[in-house]
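S.K.: Next come the chains, spelled out residue by residue.
Number of protein chains: 2
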Amino acid sequence: MTRYVVDVMPKREILDPQGKAVLGALPRLGFEGVSDVRQGKRFEIEVDGDADDQRLDEVRRMAETLLANPVIEYYTVTADETQGDG
Amino acid sequence: MTRYVVDVMPKREILDPQGKAVLGALPRLGFEGVSDVRQGKRFEIEVDGDADDQRLDEVRRMAETLLANPVIEYYTVTADETQGDG
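Chains as they are written, first to last, in my numbering: chain G, 1 to 86; chain A, 1 to 86.
Just chain G, with the same shape it has in the complex (with noise of 0.2 Å):
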């Protein structure tokens, strides 16, 4: 079993609602000093078998497919040696 993580953000040329929303409410929690914020998603996806480089192949075909949108968001792709879990 390895874990693959897939980070899914807006391109910095896109408009970031979310992450708008959030730098707008930070100074007003009492957080000062954030120039900016921008909000992504991110799948840890379980698949069977050891890493190797075939299998993270075809989780950024899957990032591609299905978790991002690559005209307005980009992804990375990394294998989770930690496991960890909370």
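Keep in mind that the hints were calculated from the coordinates and are not lab data.
Please read these numbers as outputs of a predicted model, since none were measured by experiment.
Treat the hints with care, as some may be off.
Note that identical chains are pooled: a pair holds if it fits in a single copy or bridges any two copies.
What the hints assert, rightly or not - Under the rule of at most 20 Å between Cα atoms (straight-line distance), these lysine to aspartate or glutamate pairs were calculated in the EDC-like manner: (1) K20 x E64; (2) K11 x E73; (3) K20 x E32; (4) K41 x E73; (5) K41 x D80; (6) K41 x E64; (7) K20 x D36; (8) K20 x D48; (9) K20 x E46; (10) K41 x D16; (11) K11 x D80.
Following the hints, position chain A against chain G.
M.R.: Here is chain A on its own, set in the frame of chain G:
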């Protein structure tokens, strides 16, 4: 300027309908061998000044207060050294 990353994920015992929807869609798209998907949020927060413990604590308080619901979600805060963009 320092960028902090806050990852917010649903706790294991909490139902995650978005993750389940992705998990259900993957085989229909031809992706096999995925046993679980969890979907959460990722925030990139740009804070004035250099990274230090005080700012890290402040970003943790932001996560606790505004970004995560600690009853059903857990969060991790990390200083992002890469400052990468897409």
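S.K.: Which of the stated hints cannot be reconciled with the structure, identified by number in ascending sequence?
M.R.: none
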